[in-house]
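Go by the hints and put chains E, X and R onto chain Y.
Protein chains: 4
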Amino acid sequence: MKAAIIGGTGYGSIELIRLIQKHPHLTIGSVVSNSQAGARFSDIYPHLSDIVDQPLESFDADALGENNDIVFLATPSSVSSNLVPSLLNSGVKCIDLSGDFRLRSTEEYESWYKHKPADEKYLQLASYGLSEIYAEKIKTANLIANPGCYPTATTLGLIPILKTNLADETSIIIDAKSGVSGAGRGLSLTAHYSEINENIKAYKLGAHQHIPEIEQVLSDESGSPITVTFTTHLVPMTRGIMCTMYVNLTEEISSKKIIDLYKQFYQDSHFIRVRPEGNIPSTKEVAGSNFCDIGLHVDERTNRLTIISVIDNLVKGAAGQAIQNVNLMNGWDERTGLTDIPMYP
Amino acid sequence: MKAAIIGGTGYGSIELIRLIQKHPHLTIGSVVSNSQAGARFSDIYPHLSDIVDQPLESFDADALGENNDIVFLATPSSVSSNLVPSLLNSGVKCIDLSGDFRLRSTEEYESWYKHKPADEKYLQLASYGLSEIYAEKIKTANLIANPGCYPTATTLGLIPILKTNLADETSIIIDAKSGVSGAGRGLSLTAHYSEINENIKAYKLGAHQHIPEIEQVLSDESGSPITVTFTTHLVPMTRGIMCTMYVNLTEEISSKKIIDLYKQFYQDSHFIRVRPEGNIPSTKEVAGSNFCDIGLHVDERTNRLTIISVIDNLVKGAAGQAIQNVNLMNGWDERTGLTDIPMYP
Amino acid sequence: MKAAIIGGTGYGSIELIRLIQKHPHLTIGSVVSNSQAGARFSDIYPHLSDIVDQPLESFDADALGENNDIVFLATPSSVSSNLVPSLLNSGVKCIDLSGDFRLRSTEEYESWYKHKPADEKYLQLASYGLSEIYAEKIKTANLIANPGCYPTATTLGLIPILKTNLADETSIIIDAKSGVSGAGRGLSLTAHYSEINENIKAYKLGAHQHIPEIEQVLSDESGSPITVTFTTHLVPMTRGIMCTMYVNLTEEISSKKIIDLYKQFYQDSHFIRVRPEGNIPSTKEVAGSNFCDIGLHVDERTNRLTIISVIDNLVKGAAGQAIQNVNLMNGWDERTGLTDIPMYP
Amino acid sequence: MKAAIIGGTGYGSIELIRLIQKHPHLTIGSVVSNSQAGARFSDIYPHLSDIVDQPLESFDADALGENNDIVFLATPSSVSSNLVPSLLNSGVKCIDLSGDFRLRSTEEYESWYKHKPADEKYLQLASYGLSEIYAEKIKTANLIANPGCYPTATTLGLIPILKTNLADETSIIIDAKSGVSGAGRGLSLTAHYSEINENIKAYKLGAHQHIPEIEQVLSDESGSPITVTFTTHLVPMTRGIMCTMYVNLTEEISSKKIIDLYKQFYQDSHFIRVRPEGNIPSTKEVAGSNFCDIGLHVDERTNRLTIISVIDNLVKGAAGQAIQNVNLMNGWDERTGLTDIPMYP
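Taken in order, these protein sequences are the chains called Y, E, X and R.
Position one of the first sequence corresponds to residue 1 (my numbering), numbered consecutively onward.
Position one of the second sequence corresponds to residue 1 (my numbering), numbered consecutively onward.
Position one of the third sequence corresponds to residue 1 (my numbering), numbered consecutively onward.
Position one of the fourth sequence corresponds to residue 1 (my numbering), numbered consecutively onward.
Every clue listed holds true.
Because identical chains share one entry, a pair is satisfied inside a single copy or across any pair of copies.
List time: in silico SDA-like cross-link candidates among lysine to any residue, alpha-carbon distance up to 20 Å: (1) K163 - D268; (2) K114 - P76; (3) K204 - G184; (4) K263 - D43; (5) K139 - G331; (6) K22 - T339; (7) K204 - R275; (8) K204 - S255; (9) K256 - G206; (10) K257 - D268; (11) K121 - T106; (12) K22 - H270; (13) K22 - I51; (14) K22 - T336; (15) K22 - W332; (16) K204 - D43; (17) K256 - D50; (18) K263 - E221; (19) K256 - D43; (20) K22 - D333; (21) K137 - S219; (22) K204 - G278; (23) K22 - R335; (24) K204 - R301; (25) K139 - L123; (26) K121 - R104.
Think of the hints as simulated: they come from the structure by calculation, not from any bench.
The shape of chain Y in the complex, shown without the other chains:
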């Protein structure tokens, strides 16, 4: 099966290429970058020398449809909302890694993204691609809104407790830490080496566009509207997201019982590793892999639950989950092509 990638020179695309090359049923078809069409891929990314030497192409929906079965869109926000209609029309299935099809509410989209939202019709077509939670819908979808990196780590960590009546739903605080690759390859002072090395920096307090996405999923899953406090920090590393999450408990319960509850919730989810008591995951323990590892601790002094969820932002937080969704859409084992052990150290 041939997979095209649009937005070909960002880190998301590069990671898709790394993962597609391992996949037994996928090969790389077209790679599209309007800004660098004609350039050889390995000139822009020398690590691909002798592996992916093909030239970058311009966008052409019909040609893409003809030559490919699946299209991954790894474009900045407000781009894929314009490209997807013609692509679906040409007969391919689309996995959009941007935020354009994630929010059902066009008002919310406009208020957080400050762009014109996608057409309602396509928002309704789109399936939110949080693989562990929405596998059934994903299987039959033609358009996937692949989740954001922070929403993936956050919602996978919070949903099990919200499915019980143990959580005070007004108390949710998410303290998120991300490596710098999440900011992409576009130049900016916040991704400038000398500014972020030996530094931690909080950013976009209360204003991150992933907030409505998180709240939409958590509200859907808990059955009642949920508002969260969400703080993002940039830390001096390339890959990895850790979300440290705090929830007040409505009754006394041990760490062990909460862990059992999570283990049961995720018993069929191969990529979710719920850690035993006293064992808290670090980001490096999932680097390069599609795992989301979750550690749990009840602070008995305050009866508050701390949930620590880690992912590789470029894998489970982007390209890996996109492949996992393609596996589901095609009826393949969801692990196909995603069985790598994390790269440690």
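Frame of chain Y; chains E, X and R shown alone:
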């Protein structure tokens, strides 16, 4: 005035030496390290070549008292509680950088530190050296319990709001992030380069010995017993602590008003820089300096206050605050020897 | 085919496990660690949770021989020289990742390693596993002396020019830079985070035990005895080796011609990527992969050739080349299980 | 004495401000940045909050001359050559931190910098500010060409051996490694965090504009024309330069004798610390300080000398040496304001 340092080969001592050398009224007297007595200092720390070449000495309270006016103890916990009595007896003033004299309750000490506590008599003599808050007591003290790095960043960030009736005191959550130098120079897997580089790691969940210290100060200052949730994370950088703190507000109030309130609270505190609205400090912005910078943000959607407090853990979190306390004890301007601009980038 | 690993808790073993798991013809048999026998692997390395949960075993040559077809020895120097005889006796093939069987001269071994050398008989049995150069001998070997990380990067970069008469063989200087994982998981001050972060450090000047190994290979390949100047530096990163090598040229020749010569020399070597003119590889461009990338530049002002060779020290410099050798020994395509694209960024 | 800074928002300026604030005889006058005139300094660099809050000014030679005694130019190449004439005219002394006045030959300047050179007249006026070597000329100069970072580390390491007849002057190879701050604050892919973290990268092979500067100084000091091979590498750290230099010796001589020779050469140079035998400096051991530390090793097997010279590129490699030159120009002790101990760790 001559200052001796005990525990001479740890990072705390090294930072004391760096700061004492800048100080117009202090010179380095004895440097004591029982384990490496006789060795030349610059052989252990070549960055001190041609600057501090003196040999390390063994502990001798009388000799220390005779040759020095002040003694800094930068020893592991449970060491200074044994050394301080004889030192005070010999006539010097003591600044203890360990946790041995910080907790008034011997039970709390034993339960968190798992060591025998210091003698009650000396616990009562000790003044807690959070310079901005307890300056008056510090001025007349002979024994200073210099605060821990996390408690410094935490309490300076929380005290102003706790002095109002705006805070729900049961809601305090502290998400702390620290550079690796806080773990000292002692070898351990958590400070091993390949384990912590490109990694974030939470540790000691609900079990960090700084919790009772933080709660003691916050309870004292708010006037009612306070229990906090406190999570510590190791991040891949050498210096710096950031505490991201969350407090539910009891009424609606703007970020701007909270900032004004903090600015007023700290109007005479030269080392506390309360940032204007929308300006959140990063750790590098205080590196190498004695500043504690504080950023404030009210999330109007949840009416929750986020406080971000940053320090250099080895300066304001250890050696710098120790010097600041010596300044206070001697009636010098508290800034003496501490006026360095942060080293950026 | 079942592969055992001895020395199971070091970084070399961990990387072997990561690579064996990807290999279509290999599975992990026993993992031996005398010091931690009985412990569960994933307790020591949580990134292996739910993947490799088996207990570590004690060394038992007969049991190993019975249950495995191949044994990788990733032990400190002077260990495998004692274990290999009984292992070979038990019928398995051995790949030794330590230096014990690399030097033909027992005198040289003793003088650089300060240990008793392996028995002459086994030294003669051993094939030096520099896959691209000695493939023919490797194919029929039962005991492989897998090359050191520095010798791999160095010799692959130098051999082609030494095969011509363009090089002044007395002029070879190798300025090597390594990530910290090369120092292993054993605790030491030089691998202590706060000491090596934000730092470059030269070490073992003129005394590194890889010097005789490099000289042995270069002398063999050039046909005359070669002595080199070799300097090693520790740089603040986990993975990667770069060797910057300088050779005086005996006649004027362009960068382009040298590059052509290298491309021809390595035309059948899939893991060697000779870069085009003006394109110099960086270590991240091979991270996680078995590639050795080589950049070449003739400085016309001094008629000196600069060769820059990069590898991932844990892959092509250790576990990856070991797998490549197993592929050769079994008549499989040398790329089997080693086709991963480098992980970038 | 009042010091103005032109080019006010780069890392060089920021470091000048940090050092001037420590200096007993200097205060900051105007800070000029045409591109950001009117902006408050601490808005661009929050670490300067409450310390340097003055607005940035536009360039005005007369006003600068009236209000300041000294002007530091920390501007990109080809800017200061245009500003210096009017500044000198207005009566101030100028310290230029760019390359505009370093090369005596206008042809060389044009060929390496690809810009129009400064006017001959001013090139002749300029004194090259390598403080330890040219102190006498610096004392009476009105215009200082402050040395580049690489030339400082390189020439201080090589001059003593070139002053003897022990060196084969055709054999000099300089393998230089630099932290990323040397690339400045301007955005570029080579300073983009995710590209350089966990990476070493060689750049500008045989084409770095510091080559003619190094060769000019070495030729002057040795008395005969010298051509060097010079390779630069970017390493993942913010500050620090290490130059590893190789020189063939013309006779057999011990490390110890070479070290004695260097110690004698630099006996009156407070900022040069020649290390004892077996003690090789690392960059962190000079971080934040004006020291240049030098380690020396004779490889007896090849009779080649390895010289390792380290500096903080922003201090001894830029702002610190500029202050040292101002000290010399004013007859102050050259250490004035520069006595800080390196910040370790």
